[in-house]
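Number of protein chains: 2
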Amino acid sequence: MAVYEATASAPVNIACIKYWGKRDTKLILPTNSSLSVTLDQDHLRSTTTSRADPSFTEDRLWLNGKEEEIKEGGRTATCIAEMKRLRKQEVEDKQPNEPKVKNHPHHAPQILRSDHLGLQLSTHHVHIASFNNFPTAAGLASSASGFAALVSSLAQLYKLPVSPSTLSLIARQGSGSACRSLFGGFVAWEQGTLPDGSDSLAVEVAPQSHWPDMHALICVVSDDKKGTSSTSGMQRTVETSPLLQHRIKHVVPQRMADISAAIRARDFDKFAEITMRDSNQFHAVALDTEPPIFYMNDVSRAIIALIVEYNRVSVEKGLGRKAAYTYDAGPNAVIYTLKENVKEIVELILKYFPQREGAFKDVFGLLGGVDVAKVEGNVPEGFNEAVAKKFDVGAVKGLIHTKVGDGPRALGAEESLLGNDGLPKTLAA
Amino acid sequence: MAVYEATASAPVNIACIKYWGKRDTKLILPTNSSLSVTLDQDHLRSTTTSRADPSFTEDRLWLNGKEEEIKEGGRTATCIAEMKRLRKQEVEDKQPNEPKVKNHPHHAPQILRSDHLGLQLSTHHVHIASFNNFPTAAGLASSASGFAALVSSLAQLYKLPVSPSTLSLIARQGSGSACRSLFGGFVAWEQGTLPDGSDSLAVEVAPQSHWPDMHALICVVSDDKKGTSSTSGMQRTVETSPLLQHRIKHVVPQRMADISAAIRARDFDKFAEITMRDSNQFHAVALDTEPPIFYMNDVSRAIIALIVEYNRVSVEKGLGRKAAYTYDAGPNAVIYTLKENVKEIVELILKYFPQREGAFKDVFGLLGGVDVAKVEGNVPEGFNEAVAKKFDVGAVKGLIHTKVGDGPRALGAEESLLGNDGLPKTLAA
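Protein chains in written order, with full-length UniProt numbering: chain S, 1 to 429; chain L, 1 to 429.
Please note that a few of the clues may not be correct.
Listed next, the in silico DMTMM-like pairs over lysine to aspartate or glutamate satisfying Cα-Cα at most 20 Å (straight line) [to be verified]:
#	chain 1	residue 1	chain 2	residue 2
1	L	Lys339	L	Asp42
2	S	Lys225	L	Asp392
3	L	Lys226	S	Glu385
4	L	Lys270	S	Glu239
5	S	Lys390	L	Asp223
Calculated from the structure, these hints are not laboratory results.
The shape of chain S in the complex, shown without the other chains (with noise of 0.2 Å):
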């Protein structure tokens, strides 16, 4: 008997206009627009297999190994509801499975049941197991590629006829930012003013291969206390602060307009300013809710004040910014740079943040072989080092390099993760 199942990759994207406030909490519409980076999911992703089955009791969600329930009526049973309605609509309503066979008498009546049960996929329940290849502890957030994932595994086994703007309209349901990871490079989340949200989509600003150059540096910080959860955090700015309204209004729309431009003209200097102030400004918002968000500590802190001393120094040799932090909800900081830039960017770091042995995963070869916790660290020529402190080894615990990557892939049934039961193959995380 035919296994109905399919298996996709999503990436991880880290935003540089930052999406925070939601219009409509159900449907997951923002109040301002955003733009991501597609990040390569050869370094980072989430995995997701779907597998449909009459023989399925209910749907059912494995992460990371872990069943997790699926709350009727939340983010994921919206997402899979979602999906089985265009499967239905897509492809079931527009091929009638019984009137074509008895149109045609000559199909065998085994091909006839598989196809059948094939057509009627969307009645089935489903298994998904999804799984991270970054560990929970390295603090990013796992649920854009991983809805992004999911929706997509769920596209292919529904062989759904439909654009990555169309599955991000779904995957945004399950969390705002994932809509994003339904494609590579640059991607723009148009915010939309449909009350529905059916404009409220993922688009392509430009692909991974216009700018295959943007490399994204991503230094693990380590935090005491656990941040305010983005969700709850939105919502109290939407609620208390008096400066995002002007932010959504008067702010936003320009930087997605200038950012784009930027990423068009391949202006990494322009990409730099829009993504840093933006993120700056993303945290002034949180600041200015009552009561205040806090995201970034005094790690984060330091690692701008090194970004900023080292784009003043290229800005003053005539080269402009040459590196770009940016912040999500927590103290990670993500550096974009171009290509040429990350070794002298990494030996910044590590003058500043001396590192274990292993906690750089030197997938690029920058330091020919030698771990991490060997090399010293330098700064550039006239880099003032009086404007952070050298740090204890730890409090940045790890850095992943990586760059400007694809969009969901669909993988090989040698990738399930169900085994035949219709469990997930491996329960370790």
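For this one, chain S is given, so just place chain L on it according to the hints.
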């Protein structure tokens, strides 16, 4: 021969509605009105002696015993020149000496000479010695109390028949926030609209006696790095923060009205809400600056978390907010609270921030004679202790307990900081 000299002390003030941004940097005209509480000079003060003498060959100034250059066209020079101008305009030009003496030939020549010299005070050079009773290391801005004491001592020396508001116009040109130290109690600095700044002055919202139970606990926080000076920082915010303009036009005016009403009604809950929101918004626009400005650090954030939780418990009990944090251009917290709550708050702070011996001068006798290093600290019932971690000794390196106070005081000759030779009595800081 008569000595023309006067000594005055002036208080520190800590703003609830923050001053951040100038529309005129020379006249020091602010982009928005602000409001502060004047703190008690019994605890924190600047004391200044000004002397005029025909034998002096130039204007000279000593701060904490160390001579400071009076730069031509600088802020100190401007204040001294303005005070001399007022002396001439308000006193000397209105009481011309020569004609009077001629009409009264029974005046003895030496008296005539003395009076004559006195009436020409504005033409003499001055020696000025100023002393702050709080260490620079405390991180408290001394410019406000310093310029208020300077202007007050000169006003006394020159016997100026002018109001504190008029003097505030001059102190403002020394350091913007100094204008608010010309009054005790609760003080507004009205931004004004005239280009010459003649309506940008301080006014009393309510005197000290209106709400004497308003206490303040200053948590002196260690910091590794020197922050951006407020003078250069605020201008960078004016030039680069898109959010500042919204704050100026649409947020501050209402807050000024609301907090003034709260003070008049002695509504601590409302006073606290506005004070905390405005502190947060000031730091938000600092963060929205390019490059961003940070004044608060992880210790500051932890104190905010403690006060937020302290208020949550209190609000839940139906008591409203009982404490308000506020942060100026540095990591120190100033916590406003009513007298009855100070002990509880000191114990709360001590629970998370153990102190060195002698790090708290317990002027109100809260700890019953026990040294602060020996006090364990405590949290109120229902307080979630997990909102912050316990810090090492020295993270908060000292506590200062004070309260709302009066305006500048005229001191007796025995308090003079200048010796017979016209030089500071002590050269030690």
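Verify the proposed pairing of Lys270 of chain L with Glu239 of chain S, using a straight-line Cα cut of 20 Å.
-> holds (18 Å)
Starting from Lys226 of chain L, check that the Cα of Glu385 of chain S is at most 20 Å away, please.
-> With a Cα-Cα distance of about 14 Å, the restraint between Lys226 of chain L and Glu385 of chain S holds, given a limit of 20 Å.
Would the pair Lys225 of chain S and Asp392 of chain L pass a check requiring their Cα atoms to be no farther apart than 20 Å?
-> Status holds; Cα separation ~16 Å.
Between Lys390 of chain S and Asp223 of chain L, does the CA-CA distance stay at or below 20 Å?
-> Holds: Lys390 of chain S and Asp223 of chain L sit about 14 Å apart, inside 20 Å.
Between Lys339 of chain L and Asp42 of chain L, does the CA-CA distance stay at or below 20 Å?
-> holds (16 Å)
Of the numbered hints given earlier, the model fails none.
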